[in-house]
Structure formats: C-alpha cells, structure tokens
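Trainee: Those protein sequences? They're chains A and B, same order as listed. 1 is the number of the first residue of the first sequence in our numbering; add one for each residue after it. 1 is the number of the first residue of the second sequence in our numbering; add one for each residue after it.
Relax, there's no trap hidden among the hints.
Footprint (simulated), chain A over chain B, 3 or more residues, beta carbon under 8 Å: (1) 51-58; (2) 66-77; (3) 106-117; (4) 140-146; (5) 149-159; (6) 222-235; (7) 267-273.
Okay, the calculated beta carbon distance ranges per label pair: (8) A:129 - B:275: 27 to 37 Å; (9) B:215 - A:28: 33 to 43 Å; (10) B:184 - A:32: 21 to 31 Å; (11) B:87 - A:91: 41 to 51 Å; (12) B:285 - A:91: 42 to 52 Å.
Calculated directly from the structure, the hints in this document are not laboratory data. Just so you know, even glycine gets a beta-carbon here, dropped at the ideal spot from N, CA and C.
Each chain is listed here by its residues.
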Amino acid sequence: MVTTETRRAGSFRAVRPPRAPERLGPAARRRRQSVIAWLFALPFVLIFGFFMLVPLFSSFLLSFTDFTSKDVRNPLGVGFVGLDQFAELFGNQQFLHSMLNTGYFVIVGIPLTMAVGLALAVALNNGITRFRSAFRVGFYTPVVTSIVAVAVVWRFILQPDGLLNLMLGWVGIAGPDWLNSTEWSMPAMIMMAVWRNMGTLMIIFLAGLQNVPVDVLEAAQVDGANAWQRFIRITLPILRPTLLLGAVLLSVGFLQFFEEPFVMTKGGPLDSTLSVSYFTFNQFGYGKYGLASAASYVLFVVIALLSLIQFRALRSKD
Amino acid sequence: MTDTKTAPLRDRPTTRTFATPRSGRYSAWKRQGWVYAALVLAGAGTVLPFVWMLLGSFKTQGELLRRPVTWWPQDPTLDNYVRWFTELHIDLFFMNSLLVAVVTVLGNLLFCSMVGYALAKMDFAGKRVLFLLVMVTLMVPGVVTFVPLFVMVSKLGLVNTYPALILPFLVSPLGVFLMRQFMMGIPDSLIEAARIDGAGELRTFTRIVMPLCGPPLATLGILTFLGSWNNFLWPLVAAQSEEKYTLPVALSLYSTGQNATDYGLLLAGAVLVIAPIVALFIALQRFFIQGVAATGIK
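Isolated chain A, as found in the complex (with noise of 0.2 Å):
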C-alpha cells in the first residue's frame, strides 16, 4: 500500500517538471521534503521513540539479563544470562498455569463475544424498525465505563446471596459462590468480558452488514430461502472480512486479558484467573524485572503470531 502510493507520487512528480518559486533540481527539491516531513514527523518521533520503542527495546534486552530492583541503579552492573529467564519461565508452574487461563480465557471468551456480537448486530440491523439507536446505546455503554467503577458493582452482584444468584434463584438454579470459587471465577471473568466487548463487535458487525447487498436477500426470499438459509448462505460468507477483523481485534485485547482479574479477584482463588499479564505484573512488583520482561515477550510473540496467520487469512480469500 505505501509503496504503490509514493511510487505513484513520484511518477507523478517526475512528468510534470517542479514548480516550486525556489526552482530547485529534482534532488535538492526531494532532500528539502525529506527535511520538512521529518520536522513534521520530529514531536511523535521523540515522544514515541522515548516512551515506547526505548522500552521496547530495553524490555528486549531486559530478558536475557538477571535484571532485578536492585539493579535500577546500576543498570550496567547486571548479568547476561542468555536464555536462562525463559528456561525458568518455561519451567514455572505458575507461568504454565497463567498460560492454560488465558487460553480457557481466549477459546471461550472469544467466541462467545462474537456470538453475542453478531447476534445483536443482526437483531438490531434486520430484526427490528424502531428504537435502534437506544438499543445500540444501551448495549454499547459497558464499554465506555471504566473497570474500576465497574469492578466495583460487579463483586456486588456476583457474592454468594448477591443480585446473580438471587435472579438465577427464580429459575431454580442455585448459583456458586462466583469469585471465590476455583471453578467458578473463570466463567465469571468471561461473563464480564463479554459484557464489556460485546458492544464493539456489535457495531463493527452492523458497519459490515451494510456490505450486504438488499437485492439479494430479496431475490433469495422471493426464491423461498427462509431466514436462517438468507444467514447462513449469504450474509455470513458476505460478513467474513468483517468477523475476522473482530477476531482479530479481540485475540489482540483478550490475550492481554488483566484488568478484570486485577480488580475482582487478585488472580485467585488459587491463582485460577491469573492470566499471563498478571503473571508479569507480579513479577514486575516482586523486583524480578529480567523475569517479567521474558514473560512479556512470549505474550508479544504470541499475539504477533496470531495477529500474523489471522491477517493471512483475511488477505488470502480477499
């Protein structure tokens, strides 16, 4: 895409001879826009450069050395351990057991959410006529609330004689002690993420619904396909950029899946909701920075990884 537009650009440039008031040559006229975009680019560069790619970077080389807290003021006195954090990593239960979590997050959480998603989306796009703007409004709200305040009502909600249970009470289902459950405190950090993404893939879904050309469905209707043949042979092969955009997008945010068990559980009970960025956080806060940063780096590689083969296959049936 970049290169098609600058080739373009300069092909452009090279027929038409330059009319700059300075009448400069060619390679003077490209120097001197080299020197004005990078002024243009200089407040990101070194804003960007300084708060995330020198962290990036130092968080890179972080993981090959025995960096603790102590170190901070020392920084050149430290270690070069090689491969050794990731060796112990590898070899951490507890990182092994946040590895599984944020799996179980991930395959349940994800496709749930785009259930959700979709679902509402249809229901609002072709289910109904009036009121969509309040519904979209209404579904969408949790995810402009902060985790915090949210968290907040949540635990409320989700104790052992709380709102939850007292309504799964009227159906006759006697609910668990949610978050002090080992069994139980999954499910309900998934319950909450899908109650605070649905909202998005709702609204990226409807945006990829207009695609669906009318006269189709029309023509397949006349043709006898009823509602759900209509869903399934055409408007889902049509919406596949769209769910694969939501895929993707999602795999991004839940494999960094912390905030929720930051400020319901503490990870517990047990550590069964530590996910693999809490694991990090924790060893961030117990000094073990060479540690912390090798964990985060797997993380980096796995949603790198993951992005890549979804984008590839986003691209390849384009």
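Chain A is already provided as a structure; the job is to place chain B on it using the hints.
Mentor: Frame of chain A, contents of chain B only:
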C-alpha cells in the same frame, strides 16, 4: 444509515404479502415482536449493573447488607455522595483526570495529524520504516513496555508528577494510523494546487488539510479521551500520592483500603467515575459509533 439500507427488504411486499397487505403487516409485527422482546430482555440485562449501582448509591450501609437484597432504596440518602465531596476530595481527582485527559487529547490530535500528514502526502527517506514501526507497535501488549517505562520514569525523577501521567500517552500509533488513512483520501491535486499557489507545507497543513480532517479528529479525540479517562494501571503505579490520583486510581485504592466494605461509598464513587463519560457518550454517540466502525478499535 442502517434504517435506509434495510428498509426495502422489510417494506417491499413479497409475493405472499402482496396479496394480503394487511395480514403481511401484521405478521411482520408478530415476527418483530419476538425480536423486540429478546432485545429488551438482553438490554435490560446489559444495563442492570448500572441501574443497580445507581440505586445502591442512595442506600444506607445497613440496607446494602440486608438480605434478601432490596431493589428500590427504602431510606434514600445522599450521604455517600456527600462523603466523596467532603472527606475524599473527589473534586481534586476529577480535575486530575480531566487535566490528564485534555492534554493527552490535544497532544494526540496535533502530533498524530502532523506525522500522519507527512506519511500520507510527503515523500521522504525513512518513510516506510517509520510507518512499519507504527504498525508493529499497534500490537505490543501493555506489559511489555511497562517495566522499562517505570524504570525510566523513576530515573528521570518524574514519578508522581503530571508529566509521568501524560507523556507516555501523548502520542499513539493508532492515532497516526487513523490520520494517515484519512489523509491518503485527500486528493493530491488539492495539495499540489496549494503548493503552486506558493503555500509552504506548514500553511498547506494548517489551512488546507486540517480543516478537512474533522471526522478523524473527532474519532481520535473521543477514543483518546475515553482511553485516558478509564486508564488505570499506569496511573496506579505512576501516581503515588493523593494529590495526583485520577478517578479510577482513587476509586480502586479506596475499594481495597479501609473503606473496602463501605459499599454505599464505593457505589457512589463508581457512579461519579462513570457518569461523566456516559453523559459524554450519549451526547456524542454518533461520533463514538462512527469511530469504532471506522477503526474497529474501541
């Protein structure tokens, strides 16, 4: 936009409904009735935590501990709110949150537009590398930069200052991507014309390009404000004394400290944190929705 596009499918009579238009209309209502019922139920479930929070914030501690739980406050009180304003300096945390968010938004709007313009409309050495770096960092998880960032900020003596809260978020790769994508769509001829008329790059940028960038600027501004207002982990680490707390930090620390079981106070705090952003969202919902649809990122 959704309304106009889908309308024909619904209203245009199919062969069956054409013969008996009245019954067709009735069956459409009947069919829609189920969807409405399901959506109302799902919608009620979605906003229930907020309703519960709001109602609970007016209850006394005794009522909040009573079982079975009560819905409507039996003995409504404003005490929980009064305490936030008198004992807990919520006005200070509110101003901190606002200051950090506003500066972060302004920085993003200005700096991301500038580099977006360079990437979209100028030719320069290193352009591809710069854009590639921006794209790659879109996927970097927050925890990767967290440790070194904290070490750097403490080395610079910035811990517990406003710059520590603002600088790491003053520009964003997403903002650059957003601005560049939009600016690519501005016709080259417009910019060439300005150059031919003798306008320098700065003049072209401020007078020609920026006035056209309303939609992406609105999107970027809203997304940045939202992110900053709800930002939690970094401010929790970077703000270490009360006078620098933002709203989420204050609420989180109070909900784990000695007030951990003071449910009424916490619910009122949650309402105070959420209310401004929900009000903003409802007022600007069209832009929010456009923004999410355009970028695919909340």
